[in-house]
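**Student:** Spelled out, the chains give:
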Amino acid sequence: MKSIWKNYKTDIAYDELMCSEFQSRSVSHRLCQYLDSLKKEDIDKRKIAAELAIMEMGISFTVYSEEGNIDRAWPFDIIPRIIDAREWRIIEKGLKQRLTALNCFISDVYSEQAFIKAGKMPAEIINSSKNFRKECIGVKPRHNVWANICGTDLVRDKDGIMYVLEDNLRVPSGVSYMLENRVITKRVFPELLQDIDVLPIGDYPTHLHDMLSSIAPHQNGHVTCAVLTPGIYNSAYFEHAYLAQQMGAQLVEGKDLVVNDDDCVYMRTIEGLEKVDVIYRRIDDDFLDPEVFRKDSTLGVPGLVRAWKAGNVALANAPGAGVADDKVVYAYVPEMIRYYLNEEPILPNVPTYLCSNPDDLAYVLEHLAELVVKPANESGGYGMLVGPHATAKEVANFRQIIQKDPRNYIAQPTLSISTAPTLCKGKLEPRHIDLRPFILQGENTFVTAGGLTRVALKKGSLVVNSSQGGGSKDTWIINGEDR
Amino acid sequence: MLSRSAERLYWLARYLERTENIARLVSVHMNLLMDLPKGVEMDWRQLIMITASEQAFHEKNNIANERNITRFLLADADYQGSLFSSLSAARENIRTSRELLPDEAWEQVNEMYLFAKNNLDTVANRRQRVLFLNEILKGCQRFTGLLSGYMSHNHPYRFIRLGVNLERADMTSRILDLASLLLSESRSEEMRQYETILWMNILKSLNALLMYRQHMRSRVQGGDVLNYLLLDTNLPRSVGCCIAEMAGCINELPNSNDLPEKLKELESYVQAINARQTTQKQLREILDGLQNKLGDLHGQIAENWFLKEVAG
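Just so you know, the sequences run in chain order A and B. Once you know that position 26 of the first sequence is 26 in the numbering used here, the rest is easy, because the numbers rise by one and skip nothing. Once you know that position 242 of the second sequence is 725 in the numbering used here, the rest is easy, because the numbers rise by one and skip nothing.
I should point out that these hints are in silico values taken from the structure, not numbers from a laboratory. Take the hints with a grain of salt, since some may be wrong.
[To be verified] With a straight-line cut-off of 27 Å between C-alpha atoms, the simulated DSSO-like cross-links for lysine-lysine are: (1) A:96 to A:117; (2) A:45 to A:140; (3) B:543 to A:295; (4) B:745 to B:776; (5) B:600 to A:47; (6) A:45 to B:600; (7) A:9 to A:117; (8) A:255 to B:791; (9) A:459 to A:427; (10) B:791 to B:776; (11) A:40 to A:295; (12) A:9 to A:459; (13) A:459 to A:39; (14) B:747 to B:776; (15) B:747 to A:275.
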């Protein structure tokens, strides 16, 4: 019988499942053997079954395009990505450490600024940050936690080491897809999940609800939580509705809420006004409250920040938390871990050149063709340059853009990010992937078992964002030691 | 419960009920026309009369034949009242209120929508149209069963029941309006000959033939049918039953204000009807009045519970 793995290439980058065409990694051994035992038609059938399930479950995301907004079915690859539980435990520790330090930093930025006073970071970086909100100075959120929900992007380079690519501290999305991916895998490969011990992930909504309850302004009795969505046309609306439903929380839009003279937040219900204690807001700071931020926002709630500052409502994440979600600030996270926690970072950063720093800038301009350049404050993979994949004209163009606004750009070496076997037209081929675990911090800290693995479905592409041709995979943390 | 959610669930229920009603109406009418000889004053045009869509139909179609009328009522995405438009609107409403409903509710409606969307072309053909309509009717019934079996009978459920019953009462009154034509003094001899079949058809379009037989234990007669479909409080699609259902929901909902009172008035209005002793003209006036009152009731429900546009 012809092996499904014949001609599988493992020399492009580090492959998560295979050491070579003939040899799987020990952690993925059973999966690879199982896949090999299936006929090609069987695999195709499972893929079709997954697509049908996605259609029926209505898992979609919205692409904003010139022809209007299109709801696309979520592109899902049925071959799971596997991580050894022993490695995962270290990563988990590293993620908790990192978010703890980041929250210390945000608290510090909005109070003493001891980090800056100690000379660890130029004040200029904070003062010029788009996401630094002076309105937040002096506010003390519960447990001193500003970023309650964090999605950290990890990539594995050719050396096999997992690096932190960025910390998403504003409104990270994707967790519902992580959960739904597992639901689909259970439908598609029920026999596999029976045989292999994969850590469960379905408890995320419970942990999210616990975390939100733990930050409520009062701790006596029933806490009313709401998920604040920009509305039904937002690209992540599916996720907002999904999380609200799973938590049993109210899904609200700005117009459902009102802040009264008592500086408390209320929902408009069929029984009149009902007080809200905690809001998981999925609206950017800019649009949150027209009284404080953008005046033209119709998505937000006038007075919301006032109610938050008065301590009558908890907002997750807190306004202003995005100050640490900046690719320039990112470069300082290892130093934050040493400074606030007196520990060595468990997870390494990708080496980063700050264009605001003249020496770095000179290096970057000289080596543009081999670097990845990113704007400090964008997400979704927009506005970046991947040097080795860019034309000479694009490189020249970017050179000018950087020189105009060096503070807003950072550069990193082009990583050879790892691959995983992905079903492409009935054949298994290596495709580049990353990983976004989700970390919750309130009274306690929780990390999802795995996270959302995103995959660049186009051959050779390194861009995993769903808006740009990316898909996703189920992520398995396997407890190898028990066997 | 949010006012906005109450509104979406109410409309979700109305649109799905409308979807089911159109499917049953077309399906029953198709059966009837197969029974009747050509030349009787009954044809496909009655369907666009019931749904008050003659104008919309004639704007886009020259000939009122079976093919055009069924396509218009079932598959026309531009006509707001078509089955497909109603189903699409129901889907949009359920997509945006998923957090209040069992998971399967969304999947069920989404599946039905995908089925309809992929099979819109098949409605031109009679045999395939039967299959299409059966699938839609089954889907709607599954949805109803799913909610009654899986969903707490809480406030969100009450708004759904409210929407279902208002839409249902409205459709029943429209069908009775058409039926009243059968009482016309000027009806043809041929029509009189087929009268029983026509009345049976009216009952079937409301799924009420068997229940009527059990209830009346006599042959099908016009006045009895009308009374049964207006006054009975046990038959789910009779106007009297819809009103009782709505009253039940409204009495359980908070801040109902003067709505229970309005429902009582409506109930008295309906119970005062006796179709055996009214002329066709009187009956049509009564039914017109009923439709207006149902419209007013909708306005009062919206005014009372739904999100008002916030000024500024």
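**Student:** Now look at each hint and say whether the structure bears it out.
**Tutor:** Results of checking the hints against the structure:
{"no.": "1", "hint": "A:96 to A:117", "result": "holds, 26 Å"}
{"no.": "2", "hint": "A:45 to A:140", "result": "violated, 54 Å"}
{"no.": "3", "hint": "B:543 to A:295", "result": "violated, 46 Å"}
{"no.": "4", "hint": "B:745 to B:776", "result": "holds, 10 Å"}
{"no.": "5", "hint": "B:600 to A:47", "result": "holds, 23 Å"}
{"no.": "6", "hint": "A:45 to B:600", "result": "holds, 24 Å"}
{"no.": "7", "hint": "A:9 to A:117", "result": "violated, 51 Å"}
{"no.": "8", "hint": "A:255 to B:791", "result": "holds, 10 Å"}
{"no.": "9", "hint": "A:459 to A:427", "result": "holds, 13 Å"}
{"no.": "10", "hint": "B:791 to B:776", "result": "holds, 22 Å"}
{"no.": "11", "hint": "A:40 to A:295", "result": "violated, 58 Å"}
{"no.": "12", "hint": "A:9 to A:459", "result": "holds, 12 Å"}
{"no.": "13", "hint": "A:459 to A:39", "result": "holds, 24 Å"}
{"no.": "14", "hint": "B:747 to B:776", "result": "holds, 12 Å"}
{"no.": "15", "hint": "B:747 to A:275", "result": "violated, 34 Å"}
The earlier numbered hints that this structure contradicts are 2, 3, 7, 11, 15.
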